[in-house]
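A.B. asks: Let the sequences and hints guide you as you build the complete structure.
Protein sequences, first through last, are from chains A and B. All residue numbers for the first sequence refer to my numbering, where the first residue is 844 and numbers rise by one. All residue numbers for the second sequence refer to my numbering, where the first residue is 844 and numbers rise by one.
One or more hints might be untrue.
One copy or two, it doesn't matter: identical chains are merged, so the pair holds either way.
Dumping the calculated DSS-like pairs for lysine-lysine here, alpha-carbon to alpha-carbon at most 27 Å [what the hints assert, rightly or not]:
| no. | residue 1 | residue 2 |
| --- | --- | --- |
| 1 | 1161 | 847 |
| 2 | 1001 | 1074 |
| 3 | 861 | 847 |
| 4 | 1071 | 938 |
| 5 | 956 | 1001 |
| 6 | 931 | 1175 |
Rather than coming from a laboratory, the hints here were simulated on the basis of the structure.
Number of protein chains: 2
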Amino acid sequence: MDNKQMLMIPGPTPVPEKVLLAMAKHPIGHRSGDFSKIIAELTANLKWLHQTENDVLMLTTSGTGAMEASIINFLSPGDRVLVGNNGKFGDRWVKVAKTFGLAVEEIKAEWGKALDPNDFKTLLEADSDKTIKALIITHSETSTGVLNDLAAINAAAKAHGGALMIVDAVTSLGATPVAIDDLGLDVVASGSQKGYMIPPGLGFVSVSAKAWQAYETATIPRFYLDLKKYKKSTDEDSSPFTPPINLMYGLQASLQMMKAEGLDAIFTRHQRHTNATRGAMKALNLPLFAPDNAASNAITAVAPLGVEAEKIRSTMRKKFDIAMAGGQDHLKGKIFRIGHLGFVCDRDILSCIGALEATLIELGYEGVTPGSGVAAAAGVLAKG
Amino acid sequence: MDNKQMLMIPGPTPVPEKVLLAMAKHPIGHRSGDFSKIIAELTANLKWLHQTENDVLMLTTSGTGAMEASIINFLSPGDRVLVGNNGKFGDRWVKVAKTFGLAVEEIKAEWGKALDPNDFKTLLEADSDKTIKALIITHSETSTGVLNDLAAINAAAKAHGGALMIVDAVTSLGATPVAIDDLGLDVVASGSQKGYMIPPGLGFVSVSAKAWQAYETATIPRFYLDLKKYKKSTDEDSSPFTPPINLMYGLQASLQMMKAEGLDAIFTRHQRHTNATRGAMKALNLPLFAPDNAASNAITAVAPLGVEAEKIRSTMRKKFDIAMAGGQDHLKGKIFRIGHLGFVCDRDILSCIGALEATLIELGYEGVTPGSGVAAAAGVLAKG
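C.D. replies: Below you can see the structure in the form of structure tokens.
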């Protein structure tokens, strides 16, 4: 149906009407006093969302631009880094790190499984000369719905003492606690079209004091993504280059909404939706791709048996106007992914599960008991 | 007056209501067939605006990101390049080029004067070994309102034969002909918040076949700004990374408006507004900062005598809700700049001149004959 699409993909995520209308305001000059006030408000609220006193910088980039900035500002060619790789975005970290000449040691896990913190620990404990300069990992692996054990991997980095902890939190920030200050995360990259509830076009990077120290000796050249330029301007409630003014109007509205809801309530809501979605999949005999103990709060990946994932997606789209994501790379056609990240309410979960049930029945999927998925989800949602 | 501001700065420029409302549409998935159609339309219309069959690529960056991409994809550390520098954005070219290790030879002119094409010609003619790899210039120098002689400088490059012609057309594209194919310009960078009539957040780079050849041997590392990734995706009506969907909705609307107006009409309108504005300044005895034979069609810089530029700007802003730009760097407080770029109609020019006259009278500026500025502007506008 025209104009009726519902996004249940991991980005772009649903955008509140308040945000859409805020973005339709006419831009003002980005060097004006009025815009400085907006930058000051955004910076304060971003620190709140990031649970940190570190700098949180706004870049005009996608999430990948924020990832690149997180590497090139703090490392030098030849630097030894451990890079977690258990999905498409771990793989992207590897590619970025290799592009800029880092000595990459990949810590791998099968797609759909979590990284093993002991793999990091073993290498870090053996590194008595402190040659490892950074650990680089993806927190929530969007391609598989796996949540890596950030706290455990970070603990290994902290025991080592020398390595920076660099994290892609693109689909965890705003969905799952990313306790930057409590854990001591050095560099955290994210993107706007995810938990921030606004369209794509803004990247975010938080930077610790330890990372700024590393900046001073890092030699990879950078200009547009030179984070010191952003810090200097942000400290003056300004921006080094022309910022995406209208997206920032949207961000202003979305952060105000998030503050009104509260961080704990936001995280609880995402956890509830994850539990409801996973409970429904189990009731529908649909195999979950990520294990219960490593499930992302942003996205649930499902590997259906006996019915094609792409047929499920196309039926959901055509008949019920729901967009779900497919598998990426070698998982194409093998899984579908339900995004429940950002501006998603309990009703949305029931809508999606209800439509999925109807789709499975239409496609002749055996083993589905009509109503069982919605009932399981409703049971979880009822607990609040 | 609240909500009443009129932008006469060189960016962000005024945005049509159609564009603002297009940006307020809910995003759809950027990997969907419907979005592919939008990318295909944008790409075709961008080629029309750029007057080229070359690739025109869209980046999620400010104009500076597009400038950096224009250098790092086609050159290698140590490459000898001639960089024109007669203002803040020429200076930015120098900084970017030096950051990435190029052997920069600056061709300078005083701020407010145009680059001398002979300065390039002399060096190029002496370069029998073809060691010069690129000429890098700013077409319309936003900081001073000077239009550099692109055709003459480009002719020197063409006579040399070996050097790439790399151009910052940030405030010329959409205001002044940038005849990429007719001239054979290799790399042209621009940004959305200028002649494109949309807010900031998108950068554009056009790339010639000769530049793609240079790409193959260029060794500066790049990932997020790797233009080959953008070309590969654009050829498939897609994008390598998540694009700024809502800004692209806006661009779709603005390019449709521009096509309806027609390229010649757009350029004629900008020329008329430049002539009207400059005529008015002369009638008001306000010294123009750029000479008549090197005047940008996007922006008119004025160096008032006997009255402070910043007082003029603040009165215009407070009393008439018109935002004009000030001077940058050493020109701070010495000039003001009137932007007449993008979505500007004849009425806007009269509004601005009328308010400026009133402001000058209020500030006790001697030598202003009430009505003379508006009369001069109206005289030019009457000629159509």
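A.B. asks: All hints are to be evaluated individually against the structure, with a verdict given for each.
C.D. replies: To see whether the hints hold, each was checked on the structure:
1. 1161 to 847: For residue 1161 and residue 847, only the intra-copy Cα distance (11 Å) is at most 27 Å; the inter-copy one is 44 Å.
2. 1001 to 1074: within (25 Å within a copy, 42 Å between copies)
3. 861 to 847: both (18 Å within a copy, 21 Å between copies)
4. 1071 to 938: both (24 Å within a copy, 15 Å between copies)
5. 956 to 1001: For residue 956 and residue 1001, only the intra-copy Cα distance (24 Å) is at most 27 Å; the inter-copy one is 57 Å.
6. 931 to 1175: within (12 Å within a copy, 48 Å between copies)
Going down the numbered hints, you'll see the structure goes against none, and every one checks out.
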